[in-house]
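Student: Single-letter residue listing:
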Amino acid sequence: EPEVTQTPSHQVTQMGQEVILRCVPISNHLYFYWYRQILGQKVEFLVSFYNNEISEKSEIFDDQFSVERPDGSNFTLKIRSTKLEDSAMYFCASSLGGIQNGAEQFFGPGTRLTVL
Amino acid sequence: GENVEQHPSTLSVQEGDSAVIKCTYSDSASNYFPWYKQELGKRPQLIIDIRSNVGEKKDQRIAVTLNKTAKHFSLHITETQPEDSAVYFCAAKGGSYIPTFGRGTSLIVHP
Chain D
6 EPEVTQTPSH QVTQMGQEVI LRCVPISNHL YFYWYRQILG QKVEFLVSFY NNEISEKSEI
66 FDDQFSVERP DGSNFTLKIR STKLEDSAMY FCASSLGGIQ NGAEQFFGPG TRLTVL
Chain U
471 GENVEQHPST LSVQEGDSAV IKCTYSDSAS NYFPWYKQEL GKRPQLIIDI RSNVGEKKDQ
531 RIAVTLNKTA KHFSLHITET QPEDSAVYFC AAKGGSYIPT FGRGTSLIVH P
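Taken in sequence, the protein lines are chains D and U.
Numbering (the working numbering) for the first sequence: 6 to 121.
Numbering (the working numbering) for the second sequence: 471 to 581.
Think of the hints as simulated: they come from the structure by calculation, not from any bench.
Nothing here was measured: the structure is a model prediction, and the numbers come from that model.
Some hints here could point you the wrong way.
Unchecked claim - Derived lysine-lysine pairs resembling PhoX-like cross-links, with alpha carbons at most 25 Å apart:
1) U:K492 with D:K47
2) U:K512 with D:K47
3) D:K83 with U:K492
4) U:K512 with D:K83
5) U:K527 with U:K541
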């Protein structure tokens with residue numbers, strides 16, 4: 006069964022450094038998402054991406070964040086200058102159709118980002 | 471925007487008992503309510519969902535009910551097993567792309 010994959014599984018970085026989190030969505034999916042989950046808290050939506058552009062983003066997704074689908078396969082989340090409060094598990098997800106129509110999202114295993 | 475409240479935050483049951491997790495939502499336009507199971511250190515996985523035109527849906531030991539008037543929906547797990555132990559998240563989604571998640575319920579099933 007196809008799965009969403011994410012690399013790395015764990016990323017440790019110094020405050021102020023840039024990080025890029027990578028995701029490979031399920032190959033025929035068209036909608037892509039990033040979520041984050043601070044330890045012990047709920048999953049929070051960051052951004053959705055469709056047709057090579059951002060469809061919607063939350064208040065968390067400020068100018069420090071950007072997403073890209075550089076090669077038709079990978080879907081990346083970049084944090085330009087990490088802060089301590091960016092430490093969280095970051096989940097990528099994809100869906101075949103839009104979730105506004107009830108399409109199921111498939112989540113990746115997550116990347117744990119630790120900012121020191 | 472949508473606000474989803476989930477209770478309880480922790481639920482401890484004996485194997486074989488039933489478990490019920492409840493969520494309320496605020497946006498009457500919400501029309502899709504998925505439930506996710508997240509085992510420790512793993513990804514959230516969809517276990518069941520319900521749409522606003524349905525009042526109840528069942529899949530083996532798992533069922534979800536929706537009361538649109540009261541704006542609440544519940545997850546019911548019968549004959550619980552130790553492998554049901556996980557964090558369960560409810561979510562609500564309306565016309566926006568953005569699903570709003572509840573804070574999660576940590577279910578512990580004691581053998």
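Student: Work down the list of hints and note, for each, if the structure agrees.
Tutor: Hint by hint, here is what the structure shows:
Distance hint between U:K492 and D:K47 is fulfilled; the C-alpha atoms sit about 15 Å from each other, no more than 25 Å. The hinted pair formed by U:K512 and D:K47 meets the criterion: a straight-line CA distance of about 14 Å does not exceed 25 Å. For the suggested pair D:K83 and U:K492, the alpha carbons sit about 36 Å apart, so the restraint of at most 25 Å is broken. The straight-line distance between the Cα atoms of U:K512 and D:K83 is roughly 22 Å, inside the 25 Å bound, and the hint therefore holds.
Straight-line distance between C-alpha atoms of U:K527 and U:K541 comes to about 16 Å, which keeps the hinted pair within the 25 Å bound.
Going down the numbered hints, you'll see the structure goes against just number 3.
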